[in-house]
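**Student:** Based on these hints, arrange chain B on the given structure of chain A.
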Amino acid sequence: MPFDTSLLSIEMLTAALGLAVLILGIISPASAKKGLGWITVIGLLGVSGAAIGFWGTQGSVYSGMYLVDNYATFWKLTFLVAAVLVVLGSMRYVDNLGGQTEYYSTLIFATLGMMVMASAGDFITLFMGLELMTISFIILVCFRKNESKSVEAGIKYILLASMSSAVLLYGLSLIYGLTGSINIYEVGRIVAMNPVSPALILGVVMLLAGFGFKISAVPFHMWSPDVYEGAPTPVTAFLAVGSKAASLAILLRVFVAALPGIWEHWAMVVAILAGVTIIVGNLVAIPQDNIKRLLAYSSIAQAGYILVGLVTATEAGIKGVMFYAFLYVFATLGAFTVATYFYNITGSDKIKDYAGLSQRSPLMAVVMLVAMLSMAGIPPLAGFVGKFYLFTTIVDNYLWLAFIGLIMSMVSVYYYLRVALVMYRDEPADSTPIKVSSPVAITLVVTMLVTLIIGVYPGPLSEVVNAAAHSFFLQ
Amino acid sequence: MLTISLTHYVVLSAILFSIGLFGVLSKKNAISVLICIELMLNAVNINLIAFSKYITPNEFIGQIFAIFVITVAAAEVGVGLAIIIAIYRNKLSVNLDEFDWLKW
Numbered sequence: 001m002p003f004d005t006s007l008l009s010i011e012m013l014t015a016a017l018g019l020a021v022l023i024l025g026i027i028s029p030a031s032a033k034k035g036l037g038w039i040t041v042i043g044l045l046g047v048s049g050a051a052i053g054f055w056g057t058q059g060s061v062y063s064g065m066y067l068v069d070n071y072a073t074f075w076k077l078t079f080l081v082a083a084v085l086v087v088l089g090s091m092r093y094v095d096n097l098g099g100q101t102e103y104y105s106t107l108i109f110a111t112l113g114m115m116v117m118a119s120a121g122d123f124i125t126l127f128m129g130l131e132l133m134t135i136s137f138i139i140l141v142c143f144r145k146n147e148s149k150s151v152e153a154g155i156k157y158i159l160l161a162s163m164s165s166a167v168l169l170y171g172l173s174l175i176y177g178l179t180g181s182i183n184i185y186e187v188g189r190i191v192a193m194n195p196v197s198p199a200l201i202l203g204v205v206m207l208l209a210g211f212g213f214k215i216s217a218v219p220f221h222m223w224s225p226d227v228y229e230g231a232p233t234p235v236t237a238f239l240a241v242g243s244k245a246a247s248l249a250i251l252l253r254v255f256v257a258a259l260p261g262i263w264e265h266w267a268m269v270v271a272i273l274a275g276v277t278i279i280v281g282n283l284v285a286i287p288q289d290n291i292k293r294l295l296a297y298s299s300i301a302q303a304g305y306i307l308v309g310l311v312t313a314t315e316a317g318i319k320g321v322m323f324y325a326f327l328y329v330f331a332t333l334g335a336f337t338v339a340t341y342f343y344n345i346t347g348s349d350k351i352k353d354y355a356g357l358s359q360r361s362p363l364m365a366v367v368m369l370v371a372m373l374s375m376a377g378i379p380p381l382a383g384f385v386g387k388f389y390l391f392t393t394i395v396d397n398y399l400w401l402a403f404i405g406l407i408m409s410m411v412s413v414y415y416y417l418r419v420a421l422v423m424y425r426d427e428p429a430d431s432t433p434i435k436v437s438s439p440v441a442i443t444l445v446v447t448m449l450v451t452l453i454i455g456v457y458p459g460p461l462s463e464v465v466n467a468a469a470h471s472f473f474l475q
Numbered sequence: 001m002l003t004i005s006l007t008h009y010v011v012l013s014a015i016l017f018s019i020g021l022f023g024v025l026s027k028k029n030a031i032s033v034l035i036c037i038e039l040m041l042n043a044v045n046i047n048l049i050a051f052s053k054y055i056t057p058n059e060f061i062g063q064i065f066a067i068f069v070i071t072v073a074a075a076e077v078g079v080g081l082a083i084i085i086a087i088y089r090n091k092l093s094v095n096l097d098e099f100d101w102l103k104w
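Protein sequence lines correspond, in order, to chains A and B. First residue of the first sequence? That's 1 in the numbering used here, and the numbers climb one at a time after it. First residue of the second sequence? That's 1 in the numbering used here, and the numbers climb one at a time after it.
The shape of chain A in the complex, shown without the other chains:
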């Protein structure tokens, strides 16, 4: 059977870009290294253009090992957009820090890992993508290698990440042993035909634990606040959006495509996991005084909302997850870019130092406000529409979960608005205006506009995710 390797061209381009940045960084003089950020942005935008060209392509390479469908393409575009925004928002930060070559190329390889995950058709591809992403992120997390906090975050991340990978792999090996196949869709057919065995349930539980770690679902979330606080802020942003979105993409692929045959056995577990994650994430966010930890807990809560879409394992649920994940990327990146830039100027992550930000930099304050209100789900912002899609899938059978989501959304408004209050009401201790550099301003304006526009006019994105969710079941 001839293989159509052109289906792999986006990944090849990304890999080539990562290597090119690495080589350019080595051969260019130190003064020219600031240009690497722009090369990365332009390269990633080019790859995104190629990825848009793949919209509507349906196919698989190497007998189902690597899938190309609208579902995968949508996720890839999400990752690429996130990577572009992160690079734009972090150029100045990295220039201050040094080591641009390694930073940009590792970031591109992390993106490549996510793209491989979104397209994974069997367990080997899944594992390779996951590890490419995870190892790249480990390197990025301890990028400030002379700073204790960053390295400590790195060691916590690598130990827990490799442990969770091992648990996940054990689950995968059990499922392989019980079905004799590692192809996700084939496993789905075999699982549906055979009776359920306890070993299969054990495998599913281990998968859920492994993926739950990656998306930081409670009770596997303990690493994320520490790592989010210790890592360099742009890395935290990318970790919060990219790593989580990619893990969700593969989580959906595995659970909805490979394990729908035993849906009744895992639906309740996922529902409880989602409920606990929403509750703990929102409640523990309340006392935080560090903006990165606050955003870390809020992102745990967001993971809980997104998990709700998995409970029913239907096309509507997948659509809700994709829609919400897309919005989540923009809202979170907006908030984290403000935090990155604020840290650059003031060297502080404390919420109380954000006092009077509205006077010092109205743009940063308003972006933070919009991002947080969107995450809290206040209409007419995008987060409201996203939560609406997610929770409509479960109101029929899991009303209690919808109830938890509703109440905890109200709770979340409290801690989000507390930040807004500090920014708008309090007088600044130091009232020098903060001048926002143009790449950062681009990121901030883009994230804010997307959040506003999708909130008011969700139609086009909704159609796109519909097509993507539909293609999921065609393989």
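Hints were generated in silico from the structure; no laboratory data involved. Here the structure is a predicted model, which is why all the values come from computation and not from measurement. Check each hint, because a few of them may be wrong.
[To be verified] Among chain A residues calculated to face chain B with C-beta under 7 Å, some are: (1) ILE124; (2) LYS145; (3) LEU363.
Even glycine gets a Cβ: it sits at the ideal position worked out from N, Cα and C.
**Tutor:** Chain B in isolation, oriented as in the chain A frame:
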């Protein structure tokens, strides 16, 4: 005479995995924890190869998977040891209990 069957391999792998998991959760030394993670990954490899031999004897899926696992584990340990060296320079210790700058 006792013949070795699939069950033996799976039980061995389960025991190895449990020992590794216990070590990860109880050891204080970062390097010991890395070694215990390797134990867990090797338990997975035993599983994969045993399943490959007994369940799908005509295909080599499990073997190929195991090779990938070994390769990735090597990369992971490489990064892990580098980080341990970096933290040792900062803190002059590899004891996990002392890594407490970050608290929730």
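**Student:** Does each hint hold? Answer for all of them.
**Tutor:** Taking the hints in turn, this is what the structure says about them:
1. ILE124: Holds - the Cβ of ILE124 of chain A comes within 7 Å of chain B, reaching about 5 Å at its closest.
2. LYS145: 5 Å, holds
3. LEU363: 31 Å, violated
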